[in-house]
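Visitor: Chains as they are written, first to last, in my numbering: chain F, 1 to 310; chain L, 1001 to 1321.
One thing to keep in mind: the hints can contain errors.
Unchecked claim - When the alpha-carbon atoms are kept at most 30 Å apart in a straight line, the in silico DSS-like pairs for lysine-lysine are as follows:
no.	chain 1	residue 1	chain 2	residue 2
1	L	1085	L	1028
2	F	135	F	38
3	L	1085	L	1070
4	L	1215	L	1226
5	L	1080	L	1054
6	F	38	F	204
7	F	306	L	1003
8	L	1003	L	1028
9	L	1070	L	1080
10	F	41	L	1131
11	F	204	F	190
12	F	34	F	190
13	L	1221	L	1232
14	L	1080	L	1066
15	L	1070	L	1028
16	F	190	L	1215
17	L	1054	L	1070
18	F	135	F	79
19	F	34	L	1131
20	F	190	F	306
21	F	306	L	1215
22	L	1085	L	1054
23	F	135	L	1085
24	L	1085	L	1066
25	L	1066	F	38
26	F	306	L	1224
27	F	306	L	1221
Simulated from the structure, these hints should not be mistaken for laboratory data.
Single-letter residue listing:
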Amino acid sequence: MSKKEINADTAALELNEEELKSFSNAPSFWSIIKREFKADKLATACLILLIIIFATVFIGSAILDQDQVMRINLRNKYKPPGEQFLLGTDIGGRSIAGQLLIGGRNSISIGFAVTIITSLLGAVIGLIVGFYGGKVDNIIMRICDFIQILPATLLIITFVVVIPNYTMWHFIFIMSVFYWVGMTRLVRSKALTESRRDYINASKIMGTSDIKIMYGGILPNISSIIIVDLILSFAGNIGIETGLSFLGFGLPPATPSLGTLVAYARTPGAMSGKLWLWLPASLLILVMMLCINYVGQAVRRASDAKQRLG
Amino acid sequence: MWKTVLRRALIMIPQLIILSVIVFVLGKMMPGDPFTGLITGDTDAKAIAELREKAGLNDPWHIQYKNWIKRIITDGDFGKSYTYKMQVSTLIGQRAANTLWLSLLTLVITYLIAVPLGIYAGRYQNSPLDKIVIVYNFVSYAIPSFVLALLLLLIFGYNLGWVPTTGSVEIGIEKGTLAYFFSRLHYMILPAITAAVLRTTGTIQYLRNEVIDAKTQDYVKTAKSKGVPTNKVYSHHIFRNSLLPIAAFFGFTITGLLSGSVFIETIFSYPGMGELFISSINSRDYSVMNALVLLFGVLTLTGSLLSDIIMTIVDPRIRIE
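If we strip away everything but chain L, and leave its shape as in the complex, we get:
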């Protein structure tokens, strides 16, 4: 098994290098450099040129690339944000926690919706509930994320007023208290439900098919003829076997959550990394943008690596001996 994992991890190295080159080239294509923001009416052009020379901006591109990578790996230095006037890494660090919590809540809600629905729909195939699940699955697959988010925000945020419409926590609540925690939850719940509804389709579909297939398998027949109660057959025997592919998709689920966060966070004005990305583009804050693209890229690469590793753990057939 370790051989497979090692081989898979090695594939990631060229992928990381290509990704970093793409991000670097994109960064070079962006207008301006770290000193453009310093230029005012009475700045000495010579001084700026000197600063550029000192920072190595006139070096050949491969040396610039090498220095750029070196700074990122050794000090986590992505440069400075023009608009926030602070280190990009500090800024992203502040936002990353918000995105992380939102993603975690989304994951929990996704599986809370998807696992029971998938199993019941498969168990009671062609029942009214199954038909409702199929309709739900179809709609949640077809609806674009931003349309669903806006409609839910209009209904639950504005018309019913159940949840706040912007932000991540009520202002003035002390950090670390229980009230703070519940306020966070209150602000996160609608974005999380929205993102979760959009992500359930694959899991439900897969679980439903797996359960329907499993019903006719020998091990289920054996369990039933041994006298295992039907409920236990479903909760112990079928459920465990059906869960394997879901576990394998886990890495991709994380990846999808990250790219979906751009839409969800923007619409709900939730201060996470996705919202930071859009606002940094709108203010042309290139160093933040660049760092975020690289970060999201590395995270998605890691997500797919994780998926493959889980797959080799749960499915012995794809291991290399």
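Isolated chain F (complex conformation):
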């Protein structure tokens, strides 16, 4: 091909430059996720089911009066599911269905709060130590190593018992102390590889401030990985909260959680004889865990071009 011909070709291309640009624009992460959900019907079903569960739990618990649900009425003790009580009552004559809504709201909110706190901490610390590296990075990583190998469950339980005037906020704080490590490690390793890339070097040469490089350059490039981890750790945190509440060391006793409802299984005779006490809460936890994890996997596939279905 002669030089002239090439020039003629590019000239022809320039004619519909606008159209070409629209082709070469990378699709946004959201549109990729949308495509992934379109391809994976089960993930869409899970997402819809989750939205229904969350809406029911939050609207239901907002309508219900918590004091009225938690009022003890011994005349209704251990009523099996029927017309008056949809899911029966517990030892104090309190409606299981009402507790399920309020407990569900508490468990979801706490899982959400812990996820947000740990992810924020993890993203900020991870970005900074991954970008600068050096001594601070070394120290923070040793701290992470250490926290990760501590027996977290036992220590959280001990803290819960030891703290005087224990409230829900203490619980969120204690959980966050132990679970910020995962996100920090993830963000740090990604930021480390990202900060060696050419575009970051170019940005540095141009004199962009470090903060702008971190939050304008690196963060958007690793955001899809952060979102995936956010969803998966949300499921994990609900699991941990309900698990600890199940053992009796999660939320303070007066605050119902899905875990405290499941813990009714441990009262004598309830395991096989009074299924309505604990089975609904167990199944709700199970369905939520499966759905959130499945949605998380779909988003993870969307974030990795090699695994996409859509």
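Could you slot chain L onto chain F? The hints should help.
Guide: What follows is chain L alone, placed relative to chain F:
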């Protein structure tokens, strides 16, 4: 290699010290002291104060810490349990064997499930079996341990009645006999399977990926072109290479088993260390609690040390020369 191992072992010393300080501070934050249990209506307050002075409870905290560590290291003395009225070390010793046996059985079942599933799923990628394994892996990863344990206990313990629902051995069977052994096994099998199912996810996932990767590697092609039967290629060549990372995870598996034992033992009322921990908290038996937190911490630290050491043995690349 020894240099790496030594360096790794040295890192553990500050970790152990920090852990012991945390446990000590937690112990100090707990209400009461070893003499609170002695106080009754007609106890002389002066006598109690004297006892406290004698035991060194009024000393500055670093001296108390030093004495506490010294007692633990030299005599294994963690103090006395309030509820069981015996030495904490004796009490934990009785329970440790139960947890140890349960963990051992769990480990065996974990690998019995995970290794064949991982290798077959990788070998027959995208086959129906592979898809079943993927679903199994997803569910066992997502399900919270206590929900799975309760559901299995309801189905196999209460509805079908195949296994006992509480305890560790039938009452009245003589120790050391064959019947005793089988009774133990009968009581342990459901908790062990539950814990094992929860622990297989990582191993299966890893093995499956390793086998899929190995299929296209040169050494596999060489083996195949030499005329090695396909089954032997998988059992000898690929399996051995894929096993290395699994071996390296071994230490962490032990760690996970220990922390998981709190849930499993509580639900199945299995008298091990995890169950002891929960019951000691419920009866506010602080000296037992404290000793268990320290013990579990030391064991998990050792587990991660073990993992790193295995890693340096199987993978020469991370050694320091």
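Visitor: For each hint, tell me whether it holds in the structure or not.
Guide: Structure-based check of each hint:
1. L/1085 x L/1028: holds, 21 Å
2. F/135 x F/38: Cα-Cα ~46 Å, so violated.
3. L/1085 x L/1070: holds, 23 Å
4. L/1215 x L/1226: holds, 15 Å
5. L/1080 x L/1054: Holds. Residue 1080 of chain L to residue 1054 of chain L sits at ~17 Å (cutoff 30 Å).
6. F/38 x F/204: violated, 40 Å
7. F/306 x L/1003: violated, 40 Å
8. L/1003 x L/1028: violated, 38 Å
9. L/1070 x L/1080: holds, 16 Å
10. F/41 x L/1131: Roughly 17 Å between the alpha carbons, so the hint for residue 41 of chain F and residue 1131 of chain L holds.
11. F/204 x F/190: holds, 18 Å
12. F/34 x F/190: holds, 25 Å
13. L/1221 x L/1232: Between residue 1221 of chain L and residue 1232 of chain L the Cα gap is close to 13 Å, so the pair holds against 30 Å.
14. L/1080 x L/1066: holds, 19 Å
15. L/1070 x L/1028: Roughly 17 Å separates the two Cα atoms, so the pair holds.
16. F/190 x L/1215: Holds, at roughly 29 Å.
17. L/1054 x L/1070: Holds: residue 1054 of chain L and residue 1070 of chain L sit about 17 Å apart, inside 30 Å.
18. F/135 x F/79: violated, 63 Å
19. F/34 x L/1131: Since the Cα atoms of residue 34 of chain F and residue 1131 of chain L sit roughly 24 Å apart, the hinted pair holds (cutoff 30 Å).
20. F/190 x F/306: OK: residue 190 of chain F and residue 306 of chain F at ~18 Å, within 30 Å.
21. F/306 x L/1215: holds, 19 Å
22. L/1085 x L/1054: Measuring from Cα to Cα gives roughly 21 Å; hence the hint holds.
23. F/135 x L/1085: violated, 50 Å
24. L/1085 x L/1066: holds, 25 Å
25. L/1066 x F/38: With Cα atoms ~64 Å apart, residue 1066 of chain L and residue 38 of chain F exceed 30 Å; violated.
26. F/306 x L/1224: holds, 28 Å
27. F/306 x L/1221: Since the Cα atoms of residue 306 of chain F and residue 1221 of chain L sit roughly 25 Å apart, the hinted pair holds (cutoff 30 Å).
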